[in-house]
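Colleague: Chains as they are written, first to last, in our numbering: chain Z, 7 to 208; chain V, 1270 to 1897.
If you are wondering where the hints come from, they were derived from the structure by calculation, not from laboratory data. Do not take every clue at face value.
Stated by the list, open to error - Covered, in the sense of this in silico footprint (three residues per stretch, anywhere, with C-beta under 8 Å from a C-beta of chain V), are these stretches of chain Z:
1. 32-42
2. 52-63
Claimed, not checked - Cβ pair distances, simulated, as ranges:
3. Z/Leu102 to V/Glu1736: 50 to 60 Å
4. V/Asp1651 to Z/Ser131: 58 to 68 Å
5. V/Gln1617 to Z/Ala168: 46 to 56 Å
6. V/Pro1594 to Z/Ser131: 28 to 38 Å
7. V/Ala1623 to Z/Glu110: 47 to 57 Å
8. Z/Glu17 to V/Ser1672: 49 to 59 Å
9. Z/Asn8 to V/Asp1651: 21 to 31 Å
10. Z/Gln175 to V/Gly1648: 47 to 57 Å
11. V/Ala1623 to Z/Asp141: 47 to 57 Å
12. Z/Glu17 to V/Ala1595: 31 to 41 Å
13. Z/Glu17 to V/Gly1731: 33 to 43 Å
14. V/Gly1648 to Z/Gly84: 15 to 25 Å
The beta-carbon is built from N, C-alpha and C at its ideal position, and this holds for glycine as well.
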Amino acid sequence: MNDFFQVFGLERRLGIDAAALQRRFYELSRQWHPDFHQTAPPAEQARALEASARVNAAYRALRDPLARVEYLVRLEEGRDTKEGAAVKPQAPPELLAEMFEIQEALEAVRAEAEAGNLAAAAGASLAAQRQALVDRQADTEARIVGPLSRAWDTAAADARPAALAALRQALATRAYLRTVIDDLGAALGEGHEEEHVAHRRD
Amino acid sequence: MSRIVGIDLGTTNSLVAYVDDRTGLPVVIPDAQGRRLLPSVVAFTPDGILVGEAARRQLARRPADTVYSVKRLMGRGWEDVKAELRYLPFRVVPGDGVVKLAVGGREVTPPEVSASVLKALKERAEAHFGEPIDQAVVTVPAYFNDSQRQATKDAGRIAGLDVVRIVNEPTAASLAYGLHRLGQGVIAVYDLGGGTFDISVLRVKDGIFEVLATHGDTHLGGDDFDRVLVLWLLEDVQARHHAELDRDCVDLARDNEAMQELRLAAEAAKIRLSSEERTTLTIPFAGFTYRRDITRADVERLIEPLVTKTLGPCRQALADAGLAPADIDQVVLVGGSTRVPLVRRRVQALFGRAPHSQLDPDEVVALGAAVQAGILAGGITDMLLLDVTPLSLGIETLGGIVSVLIARNTTIPTSAREMFTTSVDGQTVVDMHVVQGERELAKDNRSLARFELRGIDPMPAGMPKIEVTFLIDANGILQVHAKEQRTGKAASIEVKPTYGLSEADVERMVEESFTYAEADVETRLLIETRNEADTVLTHVDRALRQAGPLLGAGERQAIEAAAAALREARAGEDRDRIRERTTDLNRATEHLAEAMMDAALRGALGTRRADELMTPGGTRGDLPSSSG
Chain Z
7 MNDFFQVFGL ERRLGIDAAA LQRRFYELSR QWHPDFHQTA PPAEQARALE ASARVNAAYR
67 ALRDPLARVE YLVRLEEGRD TKEGAAVKPQ APPELLAEMF EIQEALEAVR AEAEAGNLAA
127 AAGASLAAQR QALVDRQADT EARIVGPLSR AWDTAAADAR PAALAALRQA LATRAYLRTV
187 IDDLGAALGE GHEEEHVAHR RD
Chain V
1270 MSRIVGIDLG TTNSLVAYVD DRTGLPVVIP DAQGRRLLPS VVAFTPDGIL VGEAARRQLA
1330 RRPADTVYSV KRLMGRGWED VKAELRYLPF RVVPGDGVVK LAVGGREVTP PEVSASVLKA
1390 LKERAEAHFG EPIDQAVVTV PAYFNDSQRQ ATKDAGRIAG LDVVRIVNEP TAASLAYGLH
1450 RLGQGVIAVY DLGGGTFDIS VLRVKDGIFE VLATHGDTHL GGDDFDRVLV LWLLEDVQAR
1510 HHAELDRDCV DLARDNEAMQ ELRLAAEAAK IRLSSEERTT LTIPFAGFTY RRDITRADVE
1570 RLIEPLVTKT LGPCRQALAD AGLAPADIDQ VVLVGGSTRV PLVRRRVQAL FGRAPHSQLD
1630 PDEVVALGAA VQAGILAGGI TDMLLLDVTP LSLGIETLGG IVSVLIARNT TIPTSAREMF
1690 TTSVDGQTVV DMHVVQGERE LAKDNRSLAR FELRGIDPMP AGMPKIEVTF LIDANGILQV
1750 HAKEQRTGKA ASIEVKPTYG LSEADVERMV EESFTYAEAD VETRLLIETR NEADTVLTHV
1810 DRALRQAGPL LGAGERQAIE AAAAALREAR AGEDRDRIRE RTTDLNRATE HLAEAMMDAA
1870 LRGALGTRRA DELMTPGGTR GDLPSSSG
């Protein structure tokens, strides 16, 4: 079966022109959408349905630069099945000590909150830490879709494994940061369910 | 290629439309009397089934056997609906998964009731074209889940219609606007109907209608506006008329007929207050007439929390589409409830721009359904709708946690594959529980079905590899296929829909739909004529009780004689005779009516004529109504 890059006639590169991708998506939709095969024989209808589903999945995986990186990592590692978490969350090594402190503070605040007396000062400190992590996550994402993606696109064949490893590492950091940010948010009473779920699966 | 019609199966009203070959434009098909909306009301009478206006007219008189707003029960289970049942005058009972309605001496399911409405529209179209119609595009709220969509398809089958496509109402509306070159760029469709709310955000470009995100509430609409209004009025009636109510030992809240009168009057007042600032409500109850002024501000205060409830889904849809309100180029209003000024103000405030409503909000969905029918029939080739699935689809895993396979707002058709294996040596059956929703725990989501993979060859645990493909088709309905990977042979799957009808159920209902046919034309006219007679008789009885002192003895005798003559005619089957006697009785009460009107204007009494004008269920002057 064609991979999602091949569905769009593209090389396995992360730099994709969004407008061109959308144009091609519309063309393929016109070609395969079941609406235009309603009067065809059943076998042809089934083929159109499958092709159309494939086109839609491919567009979804490729249109967003971050989702595209996640897909590429899955594809390169031979895990081209379902959408979802590509990598296990992993604490960024340079932040291990800091993360440990945050986790401890988090536990303390949770215990306090359960006892029904969340100290304002502890809350403010946690909020500041959370903001720092949010900023760091934005940096990580910028790094993934920026320099790390370009490094993959320009890497010679023998440099590709290293470029891929760097992408995977950054994705793991991002996934980890997201979990901690969500936990902090929940502890601070910002736990917004819809938002949480949206994060979980984008 | 046979003709495909487009049907808007609404909570309150339904319509059928088609694309005119000559003009290429969609048009609504009216009935023989030129009426375009068919009230989605079905009455189960001893003489047969009544659908539409005829059924609506007897809502207040036969509340227990007259079903309205059945769309709110489609594809739902007992637990979903039991809280609101006390507001419904007909009896709803738990069934096997689906709920059932105990009406007219038998039990029917919501798809069967909807099938009666679809059948009436099918007949309307057949009368218009002079040929059989057996294919239709039917619209549903965008936020309808799999069970609700499947129930709608089942309703079509029971009505003898092949539902070739289920289309989401807001996206259908966008097609109608698009055809008129009115909706371009990024548009938000705000669709508030009789029972459901949807918000859809689309990008319209080069004839492609790409839905970016959708959200909604399948239990929020004009019906809920009516409900808060009714509860408020009920308190007021009880406060003002407790003397009469106590005297007659009447518990108004438990009096089905009185509650229906109240509901219909509240609905009519709500509709009037969309164009007027103030209106007078006059409701004739047994023993007294309730009368009060009500202002638009009163209604707005009551419905404000409900209108606010629509804004959350709007923000979520925008967030899911990755857009801010300022990114929206146009806002389109759909559904009868968007006529409410407060709704318009709120929508305008949220999006920061005046919404469009050039196309009739009651008709635009049916017009769009007709356009989609034209696309499927091959007549329209320059437009294509790319819709999304409104809810995430997942399977229950260990510990009751949901593993999402297809995220909400994924363009459909779409598919996901998942590998399954066994956990015990020699296991030959694997269970899967498929759910829809956004919560992390399976029990908090909508259970769609349990699938059983069977006939797995006995092997050590973990050895079998079964690839299951979950495909959401262009209707937003799930299809599941399984394949044993080693052998490549298809695995057998048994589906147990949680809230659906089985294949056998639907077959039986198709059969039964012929047994319990809709009353034939003659019978229908007879029932209507009798209903009209009943209405007049009820009003005259009430007027005699209330305004007896205004009459001379001779006049009273004349009225009683005319009433007796009508009763006698009504017992027979001669329609003309019933109609004549009805006219006679009306004539005999003209003076009484005038006298009562005078008295009413002096604030002393309600009158028969005022009753007729103010009672939406009355026989004269049909009031406009909101659509669903």
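Colleague: Please go over all the hints and tell whether each is borne out by the structure.
Modeller: Verification of the hints:
With 7 residues carrying a beta carbon less than 8 Å from a beta carbon of chain V, the segment 32-42 of chain Z meets the three-residue requirement, and the given coverage holds. Beta-carbon proximity to chain V at under 8 Å applies to 7 residues in the segment 52-63 of chain Z; the threshold of 3 is reached and the given coverage holds. Range check, Z/Leu102 to V/Glu1736: about 40 Å between beta-carbon atoms, so the 50 to 60 Å window is missed. Hint check: V/Asp1651 to Z/Ser131, Cβ distance near 60 Å, so the stated range 58 to 68 Å holds.
A beta carbon spacing of about 54 Å between V/Gln1617 and Z/Ala168 agrees with the range 46 to 56 Å that was offered as a hint. At about 34 Å, the CB distance of V/Pro1594 to Z/Ser131 agrees with the hint of 28 to 38 Å. Distance hint check: the CB atoms of V/Ala1623 and Z/Glu110 are about 54 Å apart, consistent with the given range 47 to 57 Å. The hint said 49 to 59 Å for the Cβ distance between Z/Glu17 and V/Ser1672, and at roughly 32 Å that hint is violated.
Hint check: Z/Asn8 to V/Asp1651, Cβ distance near 28 Å, so the stated range 21 to 31 Å holds. One distance hint, 47 to 57 Å for the beta-carbon pair Z/Gln175 and V/Gly1648, holds here, with the actual separation near 55 Å. For the pair V/Ala1623 and Z/Asp141, the supplied restraint of 47 to 57 Å is violated, since their beta-carbon distance comes to about 39 Å. Our hint of 31 to 41 Å for Z/Glu17 and V/Ala1595 holds, since their Cβ atoms are close to 36 Å apart.
For the hinted restraint 33 to 43 Å between Z/Glu17 and V/Gly1731, the CB-CB distance of approximately 37 Å keeps it satisfied. Roughly 46 Å separates the CB atoms of V/Gly1648 and Z/Gly84, a value that falls outside the hinted 15 to 25 Å.
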